[in-house]
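Q: So the protein sequences, as listed, match chains R and Y. Sequential numbering from 1 applies to the first sequence in full-length UniProt numbering. Sequential numbering from 1 applies to the second sequence in full-length UniProt numbering.
No lab work stands behind these hints, which were simulated from the structure alone. Where is the CB? At the ideal position from N, CA and C, for every residue including glycine. Just so you know, not all the hints are guaranteed correct.
20 Å max Cα-Cα, derived DMTMM-like pairs, lysine to aspartate or glutamate [to be verified]:
1. R:Lys82 <-> Y:Asp296
2. R:Lys74 <-> R:Asp147
3. R:Lys103 <-> R:Glu159
4. Y:Lys299 <-> R:Glu78
5. Y:Lys238 <-> Y:Glu8
6. Y:Lys299 <-> R:Asp147
7. R:Lys182 <-> R:Glu130
8. R:Lys182 <-> R:Asp102
9. Y:Lys130 <-> Y:Asp413
10. R:Lys82 <-> Y:Asp413
11. R:Lys82 <-> Y:Glu34
12. R:Lys74 <-> Y:Asp296
13. R:Lys182 <-> R:Asp200
14. Y:Lys299 <-> R:Glu73
15. R:Lys82 <-> Y:Asp182
Partial selection, computed: residues in chain R whose CB lies under 8 Å from chain Y [said to hold, decoys possible]:
16. Pro51
17. Ser67
18. Leu69
19. Gly72
20. Glu78
21. Trp79
22. Gln80
23. Lys82
24. Pro185
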Amino acid sequence: MSDHKQEALAGESFCACSADPSRRALLAATAGLGAAAGIGAAVPFVASFTPSDRARAAGAPVEVDLSGLRPGEKLVVEWQGKPVWILRRTPEMLAGLKTLDDKLVDPGSSAAEQPAYVSGEARSIAGKEEFFVCVGICTHLGCSPSDKFATGADSGMGEGWKGGFLCPCHGSMFDLAGRVFKSMPAPTNLVIPPHTYLSDTRLLIGQDSKGA
Amino acid sequence: MLTAKELEDKGRQALAWVDERFPLSVLYKTHVSEYYAPKNFNFWYLFGSMALLVLVIQIVTGIFLVMHYKPDASLNAAGVPVAFASVEYIMREVPGGRFIRYMHSTGASMFFIVVYLHMFRGLLYGSYRKPRELVWLFGMAIFLCLMGEAFFGYLLPWGQMSGWGAQVIVNLFAAIPVIGPDLSVFIRGDFVVSDATLNRFFAFHVIAIPLVLLGLVTAHLIALHEVGSNNPDGVEIKERKDEQGIPLDGIPFHPYHVVKDVLGAVVLLIVFSIIVFFMPEGGGYFLEYNNFMPYDQLKTPPHIAPVWYFTPYYSMLRATTSSFLPFLWLLVALIVGLTWRGCSCVWIRRACLLVVAGAYWGFFGLTLFGFTKPPFDLAIAGIHLGLGLDAKFWGVVMMGGSVMLFALLPWLDRSPVRSIRYKGVLYKAILAVFVICFLILGYYGTQPPSPVGNVVSQICTILYLAYFGLMPWYSKLDKCKPVPERLTWK
Ligand code: HEM
Ligand code: FES
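One chain only, chain Y, in its complex shape (with noise of 0.2 Å):
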């Protein structure tokens, strides 16, 4: 038998000889024991490691679904798709299948609450700026994958709700001028959504996007640790350290914000079993309940909408009708114009020519060149129809660069201040609009097409890109308070 003390020591030169090999210790003291986090984390800082816990979830379940899933869109002898009775398969029959398949289906609903929050907490304490461009930028991409991996993901149970997603999805692509006709099919592997597509999007789901996904979050969490956490004051914790250079308001991150993550797991557990054992279709938001028929390639089924998480950016797109548009290049007139004023970088102005210079072209150039009388006019309408540049291409232009302002917010915030503890009630304002506006616009994409709705939404679109686009903006114009020089905390 050996004591105590003599196991103790088996294990401290069983740690040596692999410290000799691979830097353990030295990476668990970097990243765990002696990392140093501001003390003053809150609720919202909780949101980063269930989005780790979130996403083991979903591997750890998706590899198990795997196992009975089998994508293939050809019948079976009952004359049922045999990827969708795959699914019924592992929901009545498979042992435990039907809680793996629900663990999923609702882990992909907590991702996109956890991760919508995680950004909102950016938005609250000024998160992405500098150093933190990077931090957020991979953020970002994170969240386009996962965007990629939740849309490739639907198909797979080949249902009413799956196939004609994708159709509407891939067939946005079909509006990009020139090339979009061949991309889509390109998109597809064939002509329709099918088979071929069923294989391909089983192949991202289940491996490409995957693999980019851990991939990012382990650059998103070098780039954290290298820059260290921002905190709900906004204060840069790293300017006061003590004689051993550390920072005077960080504890180590092991174990005071370990606890706290824990709780935090805790909760999100709690919550989770109470959606996956008594609501697993969360009310038809998480799971829909046409996806509950095979999908049927002739008959669309009579109210379509995207899953919730999709919807704020599926109103916009629904909202940029031809009517719309004059209101949306007033906006981008109007920022063009402020960005001429207030800005002396030359390629930034020059920047500014380029777009009053197209839109002069596009809009009144050939006109005024005296090619009004026909042909010329036939001519003009075929050049704008022909290049594709209708209400049907911005509204996919608008889906796309919706998601993507986020990425600019680091250049675009020029608040003297971070944190939105110190920013005036301006700031306030602003950020509550566009949240409110967020939600109406998410509510709005998961009722059919109304004239109301319409013209609601395109009053919060045109709000939600004036809170990105008027940011450098408002954002200097805020009246802030001043920021204490350390932490505050009760």
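Chain R with its partners taken away, still in its complex shape (with noise of 0.2 Å):
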């Protein structure tokens, strides 16, 4: 055993000299206000974590030309760093959605996180059900699914496949309105960004549409 530690265990304490019982009350107002002084000294650093004024204020809206978008593409925006998917549907693509009801966990996007004026199993703007505008990431751990528009069998994402998104990271799927399906790792459909069409080939993403 070293030195230095009989020492420390030979007194009883690890202060070798007896306190002055008056100075108790010197040393606690000490260590308090240092201790203040401390938790002060760290509220710019811990601030400095949280995004700046130039994070917060990135993300004005952005504006779409939808007149060279044919049916059955899709077009992938960047707006607020994340991409937004703006896919226009074919009448197949839509029929499509109002067979899925029982695979799916919330066929009618109750607890999605879309704006009100989008509505049912397409989620779309009514009178633009032609056109489904998400945000590409996946709710589970956020990355960005990847489309597997080719239906049937030999899409190889089974026999019943009517078109949709599958995540790479975890094996999430969701329909082509984004809708997930039972029993997979991302717990909701895909999130709807608020949107609003300037005219019928101009769309606007990051904006309410109003009295909708």
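Assemble the dimeric complex from its two separately framed chains, guided by the hints.
A: Structure below.
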């Protein structure tokens, strides 16, 4: 055993001196003030971890031109650093959505994050069912699902596949309205961002539709 | 000209001068020339010094990489993220840069190989047991830091795997009830993985974690030298000493063990060089192919998997689905039941009661009190969902918890003997199953999700947990052999 340890064991406490009790209050006050100062000094450091003003300000609405988008095609734009998909669905695609209710976790999207003005199994603004606008980020852990638009057995997704999305990370499957299938890691349907149509071919993402 | 004799005198004087001011000789004696370690150290005892060597390699190569690397996610004139471009620059234009980078990336994998084997040695010889609990706990803290270091470092090249890997792991924290979503923003410093994230991960990777790591390694070794090494026989050599107080079965660290460790270092460096020169990507396991593409926030690569050393835990995360949870609760119930029967400690019994009460309240309590009709059933489901106590949350608990379980080993192992040499077939079989499960989990973690892989991972996850959870019972049941009084060696 080394010397310093024997000393430490010999004395009752770590302090070899005999303390003057009248100084105790002073000691406690110093320690208390020191601790308070320490906590105060930590504030700016902790605060610096939160998003900066610049990061908070990013996220202006993005305008998308839909004129070149053909039925069955998907467009990806960046909004707030995330992929936003605009899928122009064919009539068959839309018809497929109606047949899936019993395979989905939340066919009516009641627990989904989506604006009040989108509705129905197509999850779109009334009259614009053709277009599906959604944040292309899996609600599980945030990967971006891949397109699986081919249908039936040769899609590699099973016999009854009506087209949809497959997340490469942990295998969550979604239909063409971003609704998650049962017993997948993702808990909820894909998120639909605020969006509004400025004209028939101009879509604004990041701003709510008025009056709808 | 000085004669050899005079030179020696000068040297001695210089040393005496230092010793009066700094305990150089004392330190050297206590930790090197008069540190007595068991004479029967084998192969498994090489990995500690190897880990030190790899740590040095990582620090030195890291310093040189920082001289050329730029933690900057903005796009350069060619439209490539600056960080990604700076790594390509190191690889293609900095003289020798390619080798420095390959040494660092290979070093990371070597670090985990060495440390996993180092920890396995602990399981073989019961090195974690009294009085080495703190050696083990400092080791665990090192292991956690190492995982953090690897995770933060992996973002820096700003490739596809960097970005999406960070995205998934940071989002794990979002599964924590109540504070989760804010916490993940706090970690990223932004709402998505961005330049802010890259810069803070850089700070963690190059300075914060390495400092902590060095401190912990020092503490690990101080604790080890205080209690002395265990050995393949698990016999405490300090119990038998000669008149001078030197353990009969101990030999000085220098020169005897140093020579062995140098041999280990040479072998390690040979393997290391072969990888660095001939297979620096390690077949896509050490450097993943997708990471040779710059991070695209809009597109996840079709196959993403973490680097191999994280895959066992990643598999457990994936295995924890809602249909798997009942099996998990069954195991927990079994462990709680056995603990209640076998343990008379009041506090442990109270903890058992708490677990049972919590589970009862969670699953049946509200239902039994008659709150089964709408809107109460919805409210209950809402509480569960609102608290985030879904499979995703438990997956995160599983991933973190299964790493931390190692820390409990000193208190879970009740075997009368330390070393596997004197343990019975039961422990040998269970340890073999544990290792196989760990390897299978590791394998499936590198693969895309599949139904078979998922079921196999779930079985392995249960067995992994049972290795720890049931240890207090099987370690007592095991038929152990008598332990010799002195070390055995040939
Ligand atoms: C940076 C990483 C690490 C370094 C540099 C390191 C270094 C060392 C060294 C030099 C030794 C003595 C030589 C030997 O017994 O092999 C040792 C012993 C030991 N280490 Fe580590 N270690 C590291 C990580 C860990 C981890 C992660 C654990 C376990 C959680 C651990 C647990 C132990 C134990 C229990 C011993 C005593 C073994 C015995 O006496 O049988 N170490 N370590
Ligand atoms: S992130 Fe999509 S399934 Fe996990």
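Q: Each of the hints needs a verdict: does it hold here or not?
A: Status of the hints after comparison with the structure:
As the CA atoms of Lys82 (chain R) and Asp296 (chain Y) are separated by approximately 10 Å, the hinted pair is consistent with the 20 Å bound. Straight-line distance between C-alpha atoms of Lys74 (chain R) and Asp147 (chain R) comes to about 9 Å, which keeps the hinted pair within the 20 Å bound. Restraint check for Lys103 (chain R) and Glu159 (chain R): satisfied, since their Cα atoms lie roughly 14 Å apart, inside the 20 Å limit. Restraint check: the Cα-Cα separation between Lys299 (chain Y) and Glu78 (chain R) comes to about 11 Å, which is no more than 20 Å; the hinted pair holds.
Taking the CA atoms of Lys238 (chain Y) and Glu8 (chain Y), the gap is near 36 Å; set against the 20 Å cutoff, the hint is violated. Between Lys299 (chain Y) and Asp147 (chain R), the direct Cα distance comes to roughly 11 Å. Compliance with the 20 Å bound is thereby established for this hinted pair. A distance of roughly 25 Å separates the Cα atoms of Lys182 (chain R) and Glu130 (chain R); the hinted pair therefore is violated under the 20 Å criterion. For the proposed pair Lys182 (chain R) and Asp102 (chain R), the alpha carbon gap of about 9 Å is at most 20 Å, so the pair holds.
Between Lys130 (chain Y) and Asp413 (chain Y), the direct Cα distance comes to roughly 10 Å. Compliance with the 20 Å bound is thereby established for this hinted pair. Between Lys82 (chain R) and Asp413 (chain Y) the alpha-carbon distance is near 49 Å, which puts this suggested pair outside the 20 Å criterion. Only pairs whose Cα atoms come within 20 Å are accepted, and Lys82 (chain R) paired with Glu34 (chain Y) is rejected, the gap being roughly 61 Å. Our distance criterion of 20 Å between C-alpha atoms is met by Lys74 (chain R) and Asp296 (chain Y), whose separation comes to about 17 Å.
A hinted pair counts as satisfied when its Cα atoms are at most 20 Å apart, and Lys182 (chain R) with Asp200 (chain R) does not qualify at roughly 35 Å. About 16 Å separates the Cα atoms of Lys299 (chain Y) and Glu73 (chain R), which keeps this hinted pair within 20 Å; it holds. A C-alpha spacing of about 18 Å is found between Lys82 (chain R) and Asp182 (chain Y), which places the hinted pair at or below 20 Å, so the restraint holds. About 5 Å separates the beta-carbon of Pro51 (chain R) from the nearest beta-carbon of chain Y, less than 8 Å, and the hint is met.
Here the hint on Ser67 (chain R) is broken, as its CB sits about 21 Å from the closest CB of chain Y, past 8 Å. For Leu69 (chain R), the interface hint is violated, the least distance from its beta-carbon to any beta-carbon of chain Y being 16 Å, above 8 Å. For Gly72 (chain R), the interface hint is violated, the least distance from its beta-carbon to any beta-carbon of chain Y being 19 Å, above 8 Å. With 8 Å as the threshold, the beta carbon of Glu78 (chain R) comes within range of chain Y, its nearest partner Cβ sitting at about 6 Å, so the hint holds.
Of the supplied interface hints, the one on Trp79 (chain R) is violated, with its beta-carbon coming no nearer than about 10 Å to a beta-carbon of chain Y, more than 8 Å. With a least beta-carbon distance of about 6 Å to chain Y, the hint placing Gln80 (chain R) at the interface is held under the 8 Å criterion. The interface hint given for Lys82 (chain R) holds, since its Cβ lies 6 Å from the closest Cβ of chain Y, which is under the 8 Å cut-off. Interface hint at Pro185 (chain R): satisfied, since its Cβ lies 7 Å from the closest Cβ of chain Y, which is below the 8 Å cut-off.
The structure does not agree with the numbered hints 5, 7, 10, 11, 13, 17, 18, 19, 21 stated previously, though it agrees with the rest.
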